[in-house]
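Residue numbers (the numbering used here), protein chains in the order written: chain Y, 1 to 203; chain W, 1 to 203.
Hints are computed from structural coordinates only; laboratory data are not their basis. Values in this document were obtained by computation on a predicted structure and should not be read as measured data. Mixed in with the good hints, there may be bad ones.
The list makes no distinction among identical chains, and a pair is therefore deemed to hold if it is satisfied within one copy or across any two copies.
As the list claims (entries may be wrong) - Derived pair list, reagent style DSSO-like, types lysine-lysine, alpha-carbon separation capped at 30 Å:
hint	residue 1	residue 2
1	Lys87	Lys187
2	Lys199	Lys51
3	Lys13	Lys86
4	Lys187	Lys60
5	Lys126	Lys43
6	Lys86	Lys51
7	Lys86	Lys5
8	Lys5	Lys126
9	Lys187	Lys13
10	Lys5	Lys43
11	Lys187	Lys126
12	Lys13	Lys51
13	Lys60	Lys87
14	Lys199	Lys86
15	Lys60	Lys13
16	Lys199	Lys43
17	Lys51	Lys87
18	Lys60	Lys86
19	Lys86	Lys43
20	Lys126	Lys87
21	Lys126	Lys51
22	Lys126	Lys13
There are 2 protein chains.
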Amino acid sequence: MIISKQYISPVAKELLRTNPLANEAYRQIIQAIELNATELSGKFVINSSEKNANGVVPVKENIYARLEDEYGWFREKPLPYLVEAKKGGPIDVYNEFEQFKVGLEFETGNISSAHRAMNKLCVGIKHDDIDMGVLILPIHTLSYYLTDRVSNYEELEPYFVLLDEYPFIVIGFDADEYNPQAPILPKGKDGMSQRAIHKWKGY
Amino acid sequence: MIISKQYISPVAKELLRTNPLANEAYRQIIQAIELNATELSGKFVINSSEKNANGVVPVKENIYARLEDEYGWFREKPLPYLVEAKKGGPIDVYNEFEQFKVGLEFETGNISSAHRAMNKLCVGIKHDDIDMGVLILPIHTLSYYLTDRVSNYEELEPYFVLLDEYPFIVIGFDADEYNPQAPILPKGKDGMSQRAIHKWKGY
């Protein structure tokens, strides 16, 4: 896939410039997105035969699986603060680079869910449960061919101003190619391999 | 109704203490909530015969109607910044106290929608489109008897830490009484009077 749009907050910019651990985490995420492919050639080709043709879950799962398998990230990391408050689910994907803690969310729900995912990462940062938050979303052009109403980068963009004081990165990705003849990505859990995920609590 | 729980950010506290316009806006909102009643006696009695028995829209509409009719607030005020970005709907209820601009949202959707409403007010504040944001929600006990999955104060509470630097108030309200024999509040638009709302664009 292609990294098409990006928001890197001033604080995150400084981190990427000065902190090798932050930089390594960022590099791994970019890699996991860029290496996500539907073809052996390494290209991600999306079926563009009609609106909402493809499921978004396989896109997410492939990126998560690479972060787990290649780089040892964990799934479903509870945020101590939210656990204590008995509110809110875990962070999707999480890793610790020595002392530097990074949380990542790929929001496959609608735009309101994207707001919640963004706020969850911010609360984690506020409470020092994570040191950098990363949200990844399809750009609008790609989301048109994914599950109905999946949130996209541009929709959330007017709200990035709220992230200016947080170590926060938002990444908008796109397919390498659009082709009405390409295989359709299944919706829901259909067609997903039965691999066990690498949960934090199993650590 | 009763004001049962409240979050007033440090900035908002200072505003209420020093700015009579902010204080007047706040007073009007509190009044509109406290005077919301289902009985001529002035009490708000909720039907507590079963979970999700009542609709939440009448609760909202009565509060909004009072703000409009008694105090001249406006409905559906577009935020200039979001209009420019072509993203996001208007603020639910809005008024200007001389130069002091206040936006209020009553979120009747699920918890993700409450995150979006909160963020919308924050973006308005960041861009100086509003000077104070107010979010009102039922507390958990009351929401149990309202429309399924309507967001409640306690659910959003772990996220109030994100509001600390904003002039922001969150109000959690409750019914005066719970009674399994009380009239049921209709769901959806049923039973709502056909009054025309006082939209900002009609100003």
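Which of the stated hints cannot be reconciled with the structure, identified by number in ascending sequence? 2, 5, 9, 11, 12, 19 and 21
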